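Protein chains in written order, with the numbering used here: chain A, 3 to 372; chain B, 33 to 451; chain C, 205 to 714; chain D, 9 to 334.
Hints are not guaranteed to be accurate.
Said to hold, decoys possible - Far from chain A, by Cβ distances over 12 angstroms, these chain C residues were calculated:
#: 1; residue: GLN228
#: 2; residue: HIS269
#: 3; residue: GLY280
#: 4; residue: THR295
#: 5; residue: ARG317
#: 6; residue: LEU334
#: 7; residue: ARG354
#: 8; residue: GLY378
#: 9; residue: LYS384
#: 10; residue: ALA402
#: 11; residue: LEU432
#: 12; residue: GLY472
#: 13; residue: GLN557
#: 14; residue: ASN602
#: 15; residue: THR645
What the hints assert, rightly or not - To be clear about the criterion: a stretch of chain A counts as covered by chain D if any three or more of its residues have a C-beta under 8 angstroms from a C-beta of chain D, and this derived list gives those stretches:
#: 16; stretch: 51-63
#: 17; stretch: 147-160
#: 18; stretch: 177-187
#: 19; stretch: 266-275
#: 20; stretch: 297-307
Quick caveat, the hints were computed from the structure, so don't treat them as lab data.
None of the values given here were measured: they were computed from a predicted structure.
Think of the CB as a built atom: it goes at the ideal place given N, C-alpha and C, for glycine as much as any other residue.
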Amino acid sequence: MTAALKRLLPGLLAAVLALVLSLIITSLVLLVSGAQPLFAFGQMISYGAQPDSIANIINNAVTYFLSALAVAIGFRMKLFNIGVDGQYRLAAMVAAVVAGFVPLPPVLSQLVTILVAVLVGGLWSGIAGLLKVTRGVSEVISTIMLNFIATGLVAYMLQRGRFAVQAAGSNNIGTPTIPPSGRVAGLPLIPGTNTTIFGLIILAVLAGVGYQILVNRSRFGFDLRATGLSASAAVASGVSVKRMTLTTMIISGALAGMVGLPQLLGASYTYSLDFPAGLGFTGIAIALLGRNNPIGIAFGALLWAFLDQSSLILDLNGIPKEIVIITQGTVVLCVVIAYEVVRRLTLRQQQRAVGRELATDVPVAEGAAA
Amino acid sequence: MSTATDITLAPSLGATAGPKLDWRRGLIITGGLFLLLCLVRTLTGADDITSGGQISAAITLAIPVGLAGLGGLWAERAGVVNIGLEGMMILGTWSGAYFCLAFNSPWAALVGGVVGGALGGLVHAIATVTFGVDHIISGVAINIIGQGVARYLAVIAFTGKGGGATQSPPVPGFDTIGIPGMTGLLRPIESKHWFLISDLAGLLRGVTTGLSWLTIIAILMVPLTFLVLWRTSFGLRLRSCGENPIAAETLGVNVYRMKYAAVIVSGGMAGMAGAFLVTVASSIYREGQTGGRGYIGLAAMIFGNWRPGGLAAGATLFGFTDALQSRQNSSVHALLFFVALLVVLLSAWNLWRRRWLQGGIGLFIAVLLVVWFFLSTTVPQELITYTPHITTLLVLSLAAQRLRMPAADGVIYRRGQGG
Amino acid sequence: MALRGITKRFPGVVANDDINIEVQRGTVHAIVGENGAGKSTLMKILYGMQRPDAGTIEVDGATVHFGSPQQAIKAGIGMVHQHFMLADNLTVTENVVLGAERLCGIGARARRRILEISESYGLGIQPDRLVEDLGVGDRQRVEILKVLYRGAKILILDEPTAVLVPQEVDELFGNLRDLKAEGLTVIFISHKLDEVLAVADEITVVRRGTTVRTVKPSEVTSRQLAELMVGSELPVPQLRTDAVTDKVELSVTDLTVPSEHGRPAVDGVSFEIHRGEILGIAGVEGNGQAELVEALMGMRPSTGVVRLGHGDISDWDTRQRRTAGIGYIPEDRHRHGLLLESPLWENRILGHQNQKPNISGPWIDRAGARADTERIVAEYDVRTPGIDVAAASLSGGNQQKLIVGREMSHQPRVLIASHPTRGVDVGAQAAIWEHLRRARTAGLAVLLISADLDELIGMSDTLRVILRGRIVATVDPATVTPEELGSAMTGATDDAPTEPAGGDSADRSS
Amino acid sequence: GGTTGTAGGGSSTTSVKVGLAFDVGGRGDKSFNDLAAAGLDKAKTDLKITTKELSAVVGESDAAKAARLKLLAQAGFNPIIAVGFAYAPGLKEVAPQFPKVKFAIVDGAASDVSGPNVTNLVFKENESSFLVGVAAAKATKTKNVGFIGGVQTPLIQKFQAGYQAGVAAVDKTIKVQVKYLSQPPDFTGFNDPAKAKVTAQGMYDGGADVVYHAAGGSGSGLFEAAAASKKWAIGVDSDQYATATADQKQWILTSALKGVDTAVFNFVEQAGKNQVKSGEQRFGLKENGVGYSTSNPAVKQYESVIDGFKTQIIDGKIVVPATPAS
Ligand SMILES: Nc1ncnc2c1ncn2[C@@H]1O[C@H](COP(=O)(O)OP(=O)(O)OP(=O)(O)O)[C@@H](O)[C@H]1O
Ligand SMILES: Nc1ncnc2c1ncn2[C@@H]1O[C@H](COP(=O)(O)OP(=O)(O)OP(=O)(O)O)[C@@H](O)[C@H]1O
Ligand SMILES: [Mg+2]
Ligand SMILES: [Mg+2]
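One chain only, chain A, in its complex shape:
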């Protein structure tokens, strides 16, 4: 237990350090623009701690968590799925169409909807995977292009006469509203508010646990991590990098397919013009924050959602709430830098330990730097 703690401690320290650093930077920016940092933070904390806000934070975090998980599984093998955004939007759209047009009995309906979303997400990311393994197209570029193209496809479907309906006089347009039998009820988990928590938080938890087991405990996960750590060594060990790339890309897309579901089945019941966009990019940032680890990602998602939610109060006090975007960006950058520094220090410390083991007769100079 203490050994595990010892291993985790540097990482935790790095995260805390990075958070503090980015708060300092934020404070400086606030000061320069003439606002009181302490006042701002105080307001944010007190507003963020209200039951209502907590419920919203958790709900947003659920979505962010799924998105980050989708990104993270790619990151674990150095695969950069920038396309989570397009994948989840397309998946949510198609899932909404199926759930809205095809009436099914409860439970079955939800299962089918989830399955469809997962399939669509996986297929869409599979295109990028396929292009990478067969044509050598960098997944960074192809997923970015596929994001744009997904937008086009969604727009194509989201028209009258195709898969969308429009309420009389409304300026909005969306898929048919999913009947109650196809929805997922909210959970009244937070006392003091009638805002419920997305029922699909269970899906997120399952996905997180599944991710952890798959990546850290399974043979597949070992291959995946090995590929990420050293593709050449993985090949020599018998991993088919092409197959891994394609599989991981598809799994990543499948996870991405779930991103829109809590919102779709738990709140909006339709994919319409105001369905949230850009969650894929948030996911990237949060995956980085959480160091591709489900627990870390959960904290990262909560932090992000907290900043989003609590910043609303700033406007009310005349402080531009955009400041939190700066906080969010700097915290990501600080965290990755801090992790890198800690990683190096840990390695050096280990080398030193090995050195002591090997040559107890030779005096070891502490603090000698390369």
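For chain A, the structure is supplied; the task is to place chains B, C and D with the ligands on it using the hints.
Okay, now just chains B, C and D with the ligands, sitting in the frame of chain A:
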């Protein structure tokens, strides 16, 4: 003989690892494509495809992409992947607009944009070079920060002055220049719609009229980049850091300094693209006006095989298709026909080389495209918008295997680790 | 030039400990020592790439401080590194002028100057070729030209002969004598003691980071020199008993590996390895050995037939081959053998992700893998404080022992050992040889590839020579000398006691 | 429906605290957010009120919008105005929780959100677009006009439909070029003046000599192209002749007006007097909620024709379609 080799090397599709693309082949291919385009224009009557207006629109839309691509080129030639170009461009738009308004001169926008972008580049350099953070990760973070900073500063700088969180007041633009008399001379020829001649007239008119100073400066950045990177010792040192930084270090090259310089210039280029968007492509700062052009610049750079000429071709292709889809829906419809012809030619080549499968698939696709072309009068508007992106993806998937990136691109380098 | 009291510590290692060396102008001064003795580190300090923790450097009697290679270059020091320091995608000219653009620019003038130098030292350099198209010998000459171009007065050559065959070595030594005649000072590092004795005016022996003694070549034999280096008797690679059976374990027929530039990297290679046999492949690096190994491991597409026992495994992928019992000790352990950032026990799983005790069902069996790692660490004497440290923190030799232990743990039928003792100190070397011998006695078939001719000759039951991707000769390890083997490796086959290679390739081998 | 009486008895002596939640873009977007702001500003000077403005960010969820409205309600603002139909789901959630607070939503129809304390301020943009379509048809010499939509949403398609109908009402043979700059959920089409400029130039080059935009912040690109080509442009929402730069002004023939400012002002005023009507308030030509601008003298010559059509619409003789005929 080479066929056998090809198939074993790329068993999945038997791709062609043909000869390297040098500038001569590039010219021939470009010329061939242009001829084919003229042919398609004459046959389909989509006359806007090669009109002067289309060409100058293509230039306008290609330049931000090309500048971003140059930014990518500078960084990656020094071994640093820069996916933060988008964020740096966003910083460039804000600071370009801010300086422009503060000094009431578009030249100030140029300086401001470059400085703003370069600051973004500096952050990227600190993270990747000094702290050894993964380049993609740092780039992603910079995209987030760039957006946040621009928003925040826009609120502070533009609110109450005729703008707000999402836009600035109108920004003074550059004067336009051009070769006098060209329009009068070429317009009539263009309107005759003669095969090739009118097309050439359109091309000429597009590149000689209605240019802004910044347009010219931006275009000059391409040869300038080539000269600096390939013809000066600074450039040699910089490129050596992207090929083998440890070797460079052993020869006394200060790799950190080179990488810093490259990434800062990279940011500056992206910032210039931002200034261009603010002053030439439009005359206002708008949140989100970069619209992913930084990413597309990166794609253009990869498409161009990490070389300025190829990059310019990639950016032009993107700008051209973007202008095409923005201007006339019928042009995109004609583009279908163009692509069909192109696929036919490629398939014929494949069949001639006895690659029956690829040739067959190609022909099948061509037939589908032709059928689509004749059965429809227009392509759905929703898909037209994304013509450039689809084109980029298609072209990359055809060309990606011939590409060669700098050997140490994206590799984290630390001083004194060599040997 | 003199180095006084140089001390350099790395985390956990004292690479240099109070080193004292004096080098006379116009001489060739050799430095010898075991792997990891600290030679390269010392030279990097002299070249300004690393800063000493203590000690001073004097050049021409004046104390100098080099903060960077640039300052060393200015002081007239040039270094050819142990590993090539060339940018493949740049031309020879660009590689040479890099960092020294001030001398002649980077254009036509520089090109002329390069040709001049090349001619006057007989280097035969083609300035416009891309380095990636050059062979190792040419690359080595480009490296030397780089130094000469800068007008260096003191030349450091760190193991310049490691990748060269004897004939190329002779040429190089000819060049060195010319340089010496011009008044240049050469510092020369090598593991090949006879070379050292042949070319050096003075020899300094380094052991565990300290200078042991400086001697004149006329005063010592290579045997004595070696004993100075290790401080004890040198182990000799040797097979004591004959274990070869008549059962073919691995048979390769007409194996061809295509390469990107026309000529196949491996061209119609055929051989058989029996149970209990070690088949050595001799060859200058870059003649297809790496490709052959990768093709056998299924990591590279190839044509031809590979049989394991009686089964045709030509179409199998790497994992199938490994599962079927082909063990693999890769040439480059950092690239192909280890996950440097992962703990030892995870590295123990690598390559055997689908075999007990690493797994149970689709899951990784942590406890099983950890226990077995402990066993390997104990049995193979891997020096480490525990199995949770990252592989990167072990020394090269210990990393290698871990790999050998891992590959042996799955009772392989065939072991492909590529440079199994490269960069490993003598103690570990002897241990690895012993493991190979034991496995061979138990019936293992081994394909041994090595650049160390003594090792090849001593450890092989059969020896083949590979040249430009073809097996060009089969020699008897019992009778061949390293010199003869060297000749065969370069294709100068007339006087070597070779027999025609089995099968097809004899007529094509010129 | 009807009003829910509050205690204080709506005398104008008690200061009214008005909360306004902008859509993405907020104050200063030179588009309909600014119109709402203008209405509020007028209320601020004319009436005795204090105000608070919050605005949305790109890509935020409905929950964030709900939280914003709630924040205003909790801070004691009443009435509260939400600008943009995107607030409908959020309002749907919040309005019942604050039965005493009066909410208005601009562009949000009763089919999206309704309640005893919700007023829907919706506009017949197709009618104003019809009128500028008439102006365009009258002004064109080439029998070729253009329409640039920012994002292809039903709201913007309403503009397109009205415009096309207006043009056709004058002359069925006039060609209308239609382009949208982006597709939902990509809303950059409202923020991409560069693209609008290229598109407009393409239309002018393609023979159009009048181009109408409903593209929010991208519209400035149209005006640039118009000034460069010396052809007509038509503005939207507010009188863009009044806000354009000097060289562009003269080419802005007219603008289709959307009376968000008046609607907001009226709503605030009614709230102060406690006379708010809940439910849908549709502002068309009849209600003088939409219209066209005449500040450019060039449009004077067509005024009689346009006003003729206007009367017919008001009289119900012409029914302007709200969706484009496809
Ligand atoms: N950058 C470094 N960081 C940590 N330890 C290092 C570093 N470079 C070298 N060492 C250690 O210093 C010691 C001396 O290494 P050095 O490379 O000088 O040996 P060498 O005599 O050149 O060996 P070889 O014959 O293998 O080239 C070794 O134990 C090595 O592990
Ligand atoms: N770049 C480096 N960073 C940190 N430690 C290093 C580095 N290079 C070498 N070391 C340390 O030096 C020791 C061995 O490295 P070294 O380079 O001597 O290996 P080696 O025995 O020379 O292997 P090889 O012969 O394959 O090059 C290890 O402890 C290793 O961690
Ligand atoms: Mg060495
Ligand atoms: Mg070594």
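Hints and how they fare:
| no. | hint | result |
| --- | --- | --- |
| 1 | GLN228 | holds (31 angstroms) |
| 2 | HIS269 | holds (17 angstroms) |
| 3 | GLY280 | holds (27 angstroms) |
| 4 | THR295 | holds (26 angstroms) |
| 5 | ARG317 | holds (36 angstroms) |
| 6 | LEU334 | holds (21 angstroms) |
| 7 | ARG354 | holds (26 angstroms) |
| 8 | GLY378 | holds (38 angstroms) |
| 9 | LYS384 | holds (34 angstroms) |
| 10 | ALA402 | holds (34 angstroms) |
| 11 | LEU432 | holds (20 angstroms) |
| 12 | GLY472 | holds (25 angstroms) |
| 13 | GLN557 | violated (5 angstroms) |
| 14 | ASN602 | violated (8 angstroms) |
| 15 | THR645 | holds (27 angstroms) |
| 16 | 51-63 | holds (count 5) |
| 17 | 147-160 | holds (count 7) |
| 18 | 177-187 | violated (count 0) |
| 19 | 266-275 | holds (count 3) |
| 20 | 297-307 | violated (count 0) |
Of the numbered hints stated above, those contradicted by the structure are hints 13, 14, 18, 20, listed in ascending order.
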